[in-house]
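Residue numbers (the UniProt record's numbering), protein chains in the order written: chain A, 1 to 217; chain B, 1 to 217.
Be a bit skeptical, because a hint or two may be false.
Stated by the list, open to error - Covered stretches of chain A, going by a simulated chain B footprint (3 or more residues, C-beta under 8 Å):
no.: 1; region: 91–97
no.: 2; region: 185–197
Unchecked claim - From chain A, some residues computed to sit far from chain B (all C-beta separations above 12 Å):
no.: 3; residue: Glu8
no.: 4; residue: Gln47
no.: 5; residue: Gly56
no.: 6; residue: Asn160
no.: 7; residue: Ala168
no.: 8; residue: Asn175
Since the hints were derived computationally from the structure, they do not count as laboratory data. A virtual CB, placed ideally from N, CA and C, is assigned to each residue, including glycine.
There are 2 protein chains.
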Amino acid sequence: MKQVKISEAVVRRLPIYLHVLNELLRSEVQTVSSQDLGQKLDLNPAQIRKDLAYFGEFGRKGIGYDVSYLIEKIRHILKLDQPLNVGLIGAGNLGHALCNYNTYIKDNMKIVAVFDAHPSKIGTRINSMTVQPIENLKRTVDELQIRIGIITVPAAEAQNVADRLVQAGVEGILNFAPAILKVQGDVRIHHADFTTELLSLAYYLENGADRNEETVD
Amino acid sequence: MKQVKISEAVVRRLPIYLHVLNELLRSEVQTVSSQDLGQKLDLNPAQIRKDLAYFGEFGRKGIGYDVSYLIEKIRHILKLDQPLNVGLIGAGNLGHALCNYNTYIKDNMKIVAVFDAHPSKIGTRINSMTVQPIENLKRTVDELQIRIGIITVPAAEAQNVADRLVQAGVEGILNFAPAILKVQGDVRIHHADFTTELLSLAYYLENGADRNEETVD
DNA sequence: TAGATTGTTAATCGATTAACAATC
DNA sequence: TAGATTGTTAATCGATTAACAATC
Numbered sequence: 001m002k003q004v005k006i007s008e009a010v011v012r013r014l015p016i017y018l019h020v021l022n023e024l025l026r027s028e029v030q031t032v033s034s035q036d037l038g039q040k041l042d043l044n045p046a047q048i049r050k051d052l053a054y055f056g057e058f059g060r061k062g063i064g065y066d067v068s069y070l071i072e073k074i075r076h077i078l079k080l081d082q083p084l085n086v087g088l089i090g091a092g093n094l095g096h097a098l099c100n101y102n103t104y105i106k107d108n109m110k111i112v113a114v115f116d117a118h119p120s121k122i123g124t125r126i127n128s129m130t131v132q133p134i135e136n137l138k139r140t141v142d143e144l145q146i147r148i149g150i151i152t153v154p155a156a157e158a159q160n161v162a163d164r165l166v167q168a169g170v171e172g173i174l175n176f177a178p179a180i181l182k183v184q185g186d187v188r189i190h191h192a193d194f195t196t197e198l199l200s201l202a203y204y205l206e207n208g209a210d211r212n213e214e215t216v217d
Numbered sequence: 001m002k003q004v005k006i007s008e009a010v011v012r013r014l015p016i017y018l019h020v021l022n023e024l025l026r027s028e029v030q031t032v033s034s035q036d037l038g039q040k041l042d043l044n045p046a047q048i049r050k051d052l053a054y055f056g057e058f059g060r061k062g063i064g065y066d067v068s069y070l071i072e073k074i075r076h077i078l079k080l081d082q083p084l085n086v087g088l089i090g091a092g093n094l095g096h097a098l099c100n101y102n103t104y105i106k107d108n109m110k111i112v113a114v115f116d117a118h119p120s121k122i123g124t125r126i127n128s129m130t131v132q133p134i135e136n137l138k139r140t141v142d143e144l145q146i147r148i149g150i151i152t153v154p155a156a157e158a159q160n161v162a163d164r165l166v167q168a169g170v171e172g173i174l175n176f177a178p179a180i181l182k183v184q185g186d187v188r189i190h191h192a193d194f195t196t197e198l199l200s201l202a203y204y205l206e207n208g209a210d211r212n213e214e215t216v217d
C-alpha cells in the first residue's frame with residue numbers, strides 16, 4: 001500500500017461525488033462510469049478515477065463503478081459510517097438555520113447540543129434541544145462525545161469560542177464567522193464564510209457603472 | 001499593460017486581504033508589509049505581492065503598503081466602490097440569517113428584495129423588506145437593478161429558481177442549496193454549500209470508532 | 001471477439017515560492 | 001548610507017489531464 005499524501009482538493013471532492021451518487025441511487029441507477037460522473041460535475045473523468053484510486057480499486061474495467069458500493073466506500077473514507085456528534089455555538093438566525101438542516105445532514109452527523117452566551121437565548125428551544133449556557137460546553141462535549149464544533153457567533157466572539165472549543169476537546173471546527181481563527185494543536189478548522197464567495201462574485205460582474213446606457217445603434 | 005488571465009484563486013484571496021486591511025484600519029495602522037499580511041493570514045508574502053501586482057503597483061519599496069490606499073484599490077478591483085443590489089430567494093431560516101448579515105455586508109452590497117414561492121411566507125416582513133411572490137422576480141430585478149441573486153431554497157427547488165434568476169437577467173448567483181446548478185450564458189455561479197466543508201472535515205478526524213478505549217498502560 | 005472503461009504512468013499545465021535588482 | 005521591502009523573473013512544486021495497457 002503506497003502511503004501517498006492525499007491533497008485537500010481530493011478530499012473536498014469526495015462529498016461532491018457522494019452527493020451525485022446518492023442522487024443516482026435514488027434514480028435507481030446501478031452503475032456509473034467516470035465519464036458519466038465527469039459530465040454531471042463538470043470534472044475531468046481522469047481526475048475522478050485518480051481521486052478514487054487513492055483509496056482503493058472500487059471500479060471494474062469495462063463496466064464502471066457500482067453506485068451503492070461506491071457510496072459505501074466513500075462514506076467509509078469520510079468516516080460517515082459511524083455516528084458523529086456535533087455541537088453548535090451561537091443560537092442566532094444562522095444557528096437556527098443550521099439546526100434545521102440537521103435532518104438533511106443524514107450521514108450520521110448530527111447537531112446534538114446548542115450553546116449561547118446570552119441569557120436571553122439560554123433555555124429557549126431549537127427543535128428538540130434546549131440552548132445551554134456556554135459554560136456547559138466542556139461538560140457537554142465530554143458527555144455527548146462531541147467531536148466537531150460549529151461556530152455561528154458574531155466575528156468579535158469567534159476567537160474566544162474557538163479557544164473554548166479546543167479546550168473542550170473537539171477535533172474539528174466549522175467556522176461561519178468572518179474572522180481568521182488561530183488555534184493550537186491539531187484541531188482542524190474549515191471556513192464556511194460566504195462573504196468571501198459573495199465579494200469575489202462581484203469581481204466577475206460586467207463593469208456596470210452605467211447600466212442605463214444602452215449600446216446605441 | 002499586460003493582459004494576463006487572473007486566476008480564481010487570486011480573486012478569491014482579495015476579499016480576505018480586504019478583511020484584514022479593514023481590521024488594520026480600525027486599529028489605526030497606517031502601513032503594512034506583505035510580510036505582516038502573510039503572518040496574519042498564513043500566506044507566503046511573495047504570493048501576496050504577486051496577487052496585488054496583477055492589478056497594479058500599490059506598494060512602495062522599502063516601506064510597504066498604505067492601508068487605506070490599498071483598501072480603496074481592492075474595493076475598486078472587486079467593484080465594491082459602486083452600489084450593488086442583491087435579491088434573495090427563499091425566506092426560510094437561512095434567508096433570514098443572511099438578511100440580518102446585511103448590515104455586516106457593508107461594501108455597497110445590499111439585499112434589497114426577498115422572494116418566496118410559499119403563500120405562508122409572502123407578505124411577511126424581514127427587516128424593512130416585504131417578502132414578495134416569486135412571480136414578481138423579473139419585474140423587481142428590473143426595477144431595482146438587481147445584479148446578484150442568492151438562492152436559499154431547498155435543493156429540489158434550486159434549479160428552478162436559478163433558471164428564473166437567469167431569465168430575470170441577474171449576472172451572478174450565490175447558491176446555498178446543496179445542488180449542482182446548470183445555467184446557460186455567462187452567468188457566474190458561486191457555491192456556498194457548507195455540507196461539503198462539514199463532510200470533508202470528518203475525514204480529518206482521528207479514527208475514533210472506539211473512543212472509549214483508553215490506551216492501556 | 002469487439003467495445004468499454006478502469007487504474008496508473010507520463011506529460012502538461014498552472015500555481016506557489018524563492019531570489020534579487022530596484023528603490024524608498 | 002544601511003536596512004527594508006517592493007515588483008518581477010526564474011525555479012519549484014503540485015495538481016490536472018492525456019494516454020494506454022490491462023481486463024471486464
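Do the hints match the structure? See the list:
1. Counting residues of the region 91–97 of chain A whose beta carbon lies closer than 8 Å to any beta carbon of chain B gives 5, which reaches the threshold of three, so the coverage claim holds.
2. Requiring three or more residues with a Cβ within less than 8 Å of a Cβ of chain B, the coverage given for the region 185–197 of chain A holds, as 8 such residues are present.
3. Separation of Glu8(A) from chain B is inadequate, the least Cβ-Cβ distance of about 8 Å not exceeding the 12 Å criterion.
4. Chain B leaves Gln47(A) outside its interface by the beta-carbon criterion, the shortest separation being 16 Å against a cut-off of 12 Å.
5. Against chain B, the non-interface label of Gly56(A) holds: every CB pair exceeds 12 Å, the least being about 15 Å.
6. With 12 Å as the threshold on Cβ separation, the claim that Asn160(A) sits away from chain B holds: the shortest Cβ distance comes to roughly 16 Å.
7. At the 12 Å boundary, the C-beta of Ala168(A) stays outside the reach of chain B, the nearest C-beta of that chain being 15 Å off.
8. The claim that Asn175(A) is not at the interface with chain B is violated, since a C-beta of that chain comes within 12 Å of its own (minimum 9 Å).
The structure does not agree with the numbered hints 3, 8 stated previously, though it agrees with the rest.
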